[in-house]
Each structure stands twice: as structure tokens, then as C-alpha cells.
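Enquirer: Chain residues, written in single-letter form:
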Amino acid sequence: MSTHPFITLTCPAGIHWVWDSGQVIIVDEGTQNTWHLRGFDALAWDYLMLGTSFHDLVTILSALMDLPPQEMETRLADCLRNWQIGGLLQQKEEAVHG
Amino acid sequence: MANLIISRLCDMACSYCFARDFMKEQSTNGSPHFITLADFEKRLDFLTRSDIREIRLLGGEPTLHPDFATLLRQAYQRGRRILVFTHGWLEESALAALEALPETAVMVMVNMNAQPRSKNESKYSPTRREQILKRLGSRLTLGYNIHTPVFDLEPLLDLISRTGIRHVIRLGLAQPALNGSNTYLHPRLYPVVGQRIAHFGQAASRAGIKLEFDCGFVPCMFSADDRQAMQHDHPDLGWHCDPIPDLDLDDQAFHCFPLARKVHTTFNTAEDITAIRDRLIEQVKPYRISGIYRECSSCDFKMNGECPGGCLSSTLHRFHPAQIRLQVPGSALQP
Amino acid sequence: MLDQKTVPTEVFVIPITEQCDLLYAPLHQFSALVNPQATRQLQQTISNGAPYAEALQPILTSLHAVSLAPIPVRSGPLNDPYFLGLIPTRGCNLACRYCDFEPPEKDGRVMSLSVVRGAIDAYLHLLFDSARTRGEIHFFGGEPFHTRQPVIAAVEYASLRAAELGLTIRFEATTNGIYDPAFCQWIADHFDAVVLSLDGPADIQNLHRPARDGSPSSAIVERSAAIFSQSNLELVVRACISGATASRMPEIAAWVADNFSPTALCFEPLQPTLGSAAAGLLPPDPWDFAENFVQACRLLDERGIEAVYSMADISQIRSSFCPLGKDALIVGPDGMISACYLLPSAWEEQGLDLVIGRLAPDGLDLDPAAVQRVRLLAGREKPLCAGCLCLYHYAGGCHVHHSTNPGKYDNACIQARTITIARLLHGLGQPALAAAWLSDRPRLQRSILQPSDRLFQQN
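Protein chains in written order, with our numbering: chain G, -2 to 95; chain P, 880 to 1214; chain D, 310 to 768.
Be a bit skeptical, because a hint or two may be false.
[To be verified] DEER-style ranges, computed between Cβ atoms:
1) Pro751(D) <-> His1199(P): 41 to 49 Å
2) Ala741(D) <-> Ala1086(P): 26 to 34 Å
3) Glu1185(P) <-> Arg607(D): 36 to 44 Å
4) Pro581(D) <-> Gln1074(P): 50 to 58 Å
5) Asp38(G) <-> Asp1037(P): 40 to 48 Å
6) Pro995(P) <-> Asp567(D): 16 to 24 Å
[Said to hold, decoys possible] A few chain G residues that face chain D, going by a derived Cβ cut-off under 7 Å, partial list only:
7) Trp16
8) Gly19
9) Pro66
By construction, these hints were calculated from the structure, which means they are not laboratory data. As the structure is a prediction and not an experimental result, all values here were calculated from the model. We put the CB at the ideal spot given by N, CA and C, even for glycine.
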């Protein structure tokens, strides 16, 4: 039996968001920080708020944007990493037994 | 400006009241129903130090305060103009206290669609209220809170001409109390309401009566033609969502009643109103980029500073808590 | 003197009572109540140049004024589409008793993401190349949200690409309301308008529109209606009316209005199908439908809500009642492009071919001859329609479902004509006259069943 490390990302408490024309507006009530996501980032955020898994998101977006899945995975990962750095997402390491 | 809450009690049961749930909570917490004379005096000192020219008294129903006449005298002695927000079915003592003040010293804003809790028809009859309006005369301004898309304002025109009160009607839009249960006018219905207001605005103008808007109105609820006509006939119309802090009995100041549970700060009467207001504004600043509609954040009226985007409570209703639990391969996230 | 050459002939007259006729000139946006003598004098004045009473001058002046022109049939390349329609699936998660759509297990085709992308790219570029700034994307089914992925992808992708091109897109869907609250909120956040099928309170809704397993649907649909009513989207509730529920239209109107405050409530008479017959559901008596619609209209008006019977919408001049003829691009699950969102089998039954092209890898592959053939259908006048006062708004009705036999008004005609006339009477400030006319069935039938309404018969 092997362990494949997956990372679980969640939103900190106090993050609220709204879909506005052409952008997603996010507010952290605790820090008063705001984010305005547009384009690809807004699309990714909206899909994630619908509960779309990472794998499905890669599949859907690579079909829509006509990009190879590997490239889409990289692009999404960059997006998620930026959001982590900015405080929109926080990380918990969990071990998933494969 | 600042609003002084002097009474948490009200004998109305208006379905659209955005203060009801909050006031009920405060009452069940064991907090007092009325401001003490000593605390009121401190509030007046605070207003004087903050150079606020108008003393605004509200509730609940402020005239239910057992010492309302005394509070009124205390306020009058400060040499400031007094504004009282009321449903208009005043007890004789409160009415007499208001009548005793010169017409230039006090203004009374009467909510003309207040909904009495009691079925006491003689106490809450239109006839009785009209008699009260006549007695207050030019001290009085009519107000009306629009909470359904169908409403009739025409009777107010006749009432004004019969009673000799100010030729002004102040319109309000019933706003949602955040985490509350009041009836309110949804922004989706604003265009229908805008048409009706524009139509009434013409009749009011012909009768020599000016309209004023309370907070939360937006220019896009009117067609361009209606907006132009309204602004020509009623130059005091505006698009506001700008806090006049409400100073509650227990030294809490809040942004406005709809946001009372969320946007508040403790204050002491040694402070200045500007500092209190700034603290409240700071709490809601991140949400100001948005508005009551999706389109607000890219709307010319908003970007030009003409419109703040409608009521902040309605805006906040649009926001959702971000709930996500995403499992990502660790290898994917390694830079 | 005025003569027939200078006064348009598109004037219709309907006897309402012994003492008054309704005059209606849609292209002049004009209507009036006149006595029958005045009607005869107008005919004679215009035909023979006979002298006329001074009282008729305002009418003659109105009829002589510049009129709206009938909408011409489109021609040339299709570069100004009415909207992009997407049919993500023909499947549905309900088993409405009057529906003739197949269940998903029989037609399981789902629009692929490549078709979604191709359709949207082609449409947005068409808009951009035509220097338009706004577009519309409508979703149909079956139940378009029954399979979510294509719809979500379409909305997200269209929003992304439209922003890049400086375009604004309006999203609309016709839906049954069967989804969880979170997804319902997503629809509320992203769509501009939703037509929600809700036939009435629970007893009606559950009889007409049960789930596939026979369980009731009302609780879920009402929950969705509540979520929509708390959002900023335009909510139109669409209620199907059967023979048994026609008398309850006012009740349905009050219930919908008081619970959901929609922008509009649209009443649609049940169209008979094999399913409806098997379930014992009959279409409403057209006279009952019309009379109850007018009562419901009054109730809704008191609440600031529009009552809609789409066949009697006199607010605009139309050459086609439906998207057909207006260059709508309706893309099916397999990428076929047609002018109609009904099942192809339905229009094929009527001998119609409404396919206008196909989605190709490099964009729209439209057949110009097919596009023009469909456009010409919209300009075609059905025999009874030529003399009908509804010509310029009902415009012959649905090309698939409404084919009038010469000389015989069907239920749809009776409903359209009755409600149109009632609307015109209300517009003239005559609600009492309209009510009296509606309740006098012999008089009503005389008005409605006259073979031609034209003031001047066409040669």
C-alpha cells in the first residue's frame, strides 16, 4: 500500500464573494483585503465554488480553452498557488492511501 | 450628522421595518428601552463638540419616551435644529411639547405608511393623525416607505393641501435588514417602482410639492427621460448610501439599521463623530466596489461617483460565503 | 378628401355591441370605439370620397398619418442573428403529462464541450464583425439544466470570450426548476432571465408535472422560484392551463404573485398530446381561457406584474410570432443549426424543413438557400390570418403547431382574438365594457367568429 500526498485547499473563514459583470469580487472580512478576479481566474474560481474537482476542472478547461491537459494543469496550479500566497486559499496536507 | 436613538420601543408593526429584529434582540438582552436623561445630555455634549447642527431623534418610536418633553427641551436649549422621526399618532403630551417649540426650531418627519400593532381604531385613525398634522403645520414633512411595487401616493397631495404642512414628500425604499426578516423592496422591482415614482413626480410638481429621496435610490431605476424630468422638477433628489451613524442606548454606533448587526463600533461621548463615522465606513469599504446589481461595478454612474451603487445592505445580500474544499495533487502545486 | 390610396387598408373593425364597434389600425398604433354608423361612413368616405361628419376627422387624421411599415422579410447573408439558442440536451428529469419530448434514455445526446465552444466562438465573432456590442444566448431543452456541464461551460466560456471582445451577453433559459439550491443560486447569479415552468399550487403542479418516478415536484420548484425571486434576474413564471384549471387562473395568478413576485406570469393553454390524452388532461375551452385570463390580468396588474399571453402581445409589430424568420441560430446537441427549438420530428410532421446549417470546425456552415427558405416562411400569410386583427402581432402563430384550416378559427385563434380585443378595450379605458362583452357569450362569439375583420376587404 502506498501513500500519495494530496493537498487539501480550503478558504479561510470570512471570505465572501460575488459574481459581478465580467469579474468576481472577493472580500476577506477579517483583513479587509479584496480581490478582483477576471478572465481565466474568475472562471476557475466560479467552477471551484460549484464544487468542481481539480481533475474535472482540468478536463473541462482544457476542452474549452483548447489546451493540452498538462498545460492546463500547470496554469491552474499557478492560479491556486497565487491564491494561496494572497490568502484566498489555505492548505492542509492529508495523506490519501492509494 | 448622527441619529440619536432615544427609545427602543415602538407601537407599530410595520412589516418592512428594518429595525424591528435588532430592537427586539436588544430588548430581550435586558438592555433598557429608553435613554436616560443623563446619557442624553452626554449625547448632546457629543453633538456640540462634533459641531453637528441638527439633533435627530429616532427609535423605535421616539415620542414613546416617558420624558420626551424634557428631552425635547434639553435639545432645544442647545440651540440646534431638532428633527424627530415618528409615525405621527402622538400622545397629547408629545404633541404639545412639539407645538411649544417654534416652527423654525423643529421638524417632524412622519411615516405615512406606518402599520399600527393595535386595532384601537380611534387612537390610530387617519382622522386623528390628520388633526395632529394640522396642529404641527409647517413643522411637518411627510415620508413614505415604498415596500411593494404597487403603491398610491396621490392621497398625500390632498393631505398636504388640507393640513398646511410642508410641501415636501420624502420617499424611502424599504431595505433588507441583513440577517433579518423584514419585508423589503427587492432591487429587481426598482424599474417598475421608478416608473410609478416618475409618474407621481409629475403630479407632485403640478401641485407645487417637492420630492426628496432617502437613501438607496439609484439613477438606473428611472429611464433617461424620467430621470431628467424628475431632476428638473425636484432638484433635491439624490442617490445616496452614506452613513448617518445611529447612536444606540448602549454606546454602540452602527452604520445604519439594516446593517446594525454587522457594521458597528463602540463609541464614547468623548470622541468626535468623524472618528466614529470613519471607523464604520472603513468596515464596509471593500464592498463599495460592488452594488445592488451585477452591472454596478462597471456602471458609468458609479464610476463617475454619481451613484454609490444602491443600498449597501442589498449589496451585501448578493455576497456568498466562499466554501471550497479542493484536493489537489501535491506535485501539481510544487513550484 | 381622403381616398383609399392615401389611407392604408390595414384597418380592422370588430362589432362589440349593437351600439359600438372597435376600430383597430395596428400599423398606426391606433384604436377607437365608434358607432356602426361611423364605421359605415368611414368606409364610404375612404372608398368613394363621400363627405364625412366632422367628428370623424381625428380618426381619419390618425389613419392618414405615417404608419409603421410591416416588417420586411430578411434577405442576404445571415449576419444579424436574433440570438444564439443552445439545446444542451433533449432529455428531462420530469415526466410532465402533456409533454411530447422523449425521456433522456431515448434521446441521451448531450452537447459536447467542443460544440459549446464552437457555437459560442462563431456567434461572438458574428456579433463582433457586425459591430454589435450586445448579444443573447438562450437555453432550451428538454430541460437545459438536466445536464449541467454544457450550460455551465457555455455561460463561463461566453462570459470570458465576450469580455475579451468588448461584448455584453444576456443569458436566458426556459427551465423546470428541478435542481439543488446551490446550483439554483448559480443560475440566479449568472442569468439575466429565466422562464420557469410552474403550473400553479402544489395540487396542480404535481398533477401536471410529476418527476420521472411519479413523485411530486412542487416543493423543489417552489424552492427554486423563491431563490430566483430573491435575486436580480428577470423571473417569468409560465403556467400551463388545462380544461380543469382554466377557472382557477385568477387563483393561480394571485398565488404566484403573492409568493414569488415575478416580472411576468405567462399563461399557456395546454397543447394536446398523446401523453395528455392518456392522463385525461384536456385543453381549456378557449372562451373560458380568455375570460379567465382577463380576470387574472386585472389581479396581476394590481400587484405590478405583467400578464402574458404571447399570442396577444400587441406591444410590438411582428412578422413572425416565434424566432423563425428572425435569423435565430439554434444549435442542437449534435451541432445541427436550425431556426426552431422544437423537436425536428414535430416540424417534419408538418412537412417543414427548418434546418439551416451545421457547426463546422471553422465556424458556422449555413446553407443560404435554407436560410432564405425559412425567412420566407415567416412572411407567408395563412388564409384566415389575412383578415384577422391579430395579423401584425400573432402573425399566424406557431408555424409548426398552428396551421389554420381555411374558414375555421381554432382554439388558439379564439383565445388570441378575444384577449387582443379585451386588451384594446382596456387600453381605451373601457374595462366595464370588456367585462360585459366577455360575459355575453353569444355577442362574444359574433365578434370573434366573423370571417374577416377588415374595414376594407382585400382584392
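Enquirer: Grab the minimum C-beta distance from Gly19(G) to chain D and call the hint holds if it beats 7 Å, violated otherwise.
Expert: holds, 5 Å
Enquirer: Regarding Pro995(P) and Asp567(D), is the given constraint of 16 to 24 Å on their beta-carbon distance met?
Expert: 23 Å Cβ-Cβ, so the 16 to 24 Å window holds.
Enquirer: Does the Cβ distance between Pro581(D) and Gln1074(P) fall inside 50 to 58 Å?
Expert: violated, 40 Å
Enquirer: Check the following: the C-beta atoms of Glu1185(P) and Arg607(D) are separated by a distance inside 36 to 44 Å.
Expert: 39 Å Cβ-Cβ, so the 36 to 44 Å window holds.
Enquirer: Verify the interface restraint on Trp16(G): the C-beta must sit less than 7 Å from at least one C-beta of chain D.
Expert: Holds. Min distance 5 Å.
Enquirer: Cβ-Cβ distance between Asp38(G) and Asp1037(P): within 40 to 48 Å?
Expert: Between Asp38(G) and Asp1037(P), where Cβ atoms are some 58 Å apart, the hint is violated.
Enquirer: Hey, does the Pro66(G) contact hint survive, CB to chain D under 7 Å?
Expert: violated, 13 Å
Enquirer: Hint says 26 to 34 Å; check whether the CB-CB distance for Ala741(D) and Ala1086(P) agrees.
Expert: Check passed, 29 Å falls within 26 to 34 Å.
Enquirer: Is 41 to 49 Å a correct range for the gap between the Cβ atoms of Pro751(D) and His1199(P)?
Expert: Between Pro751(D) and His1199(P), where Cβ atoms are some 59 Å apart, the hint is violated.
Checked against the numbered hints given earlier, this structure breaks hints 1, 4, 5, 9; the rest are met.
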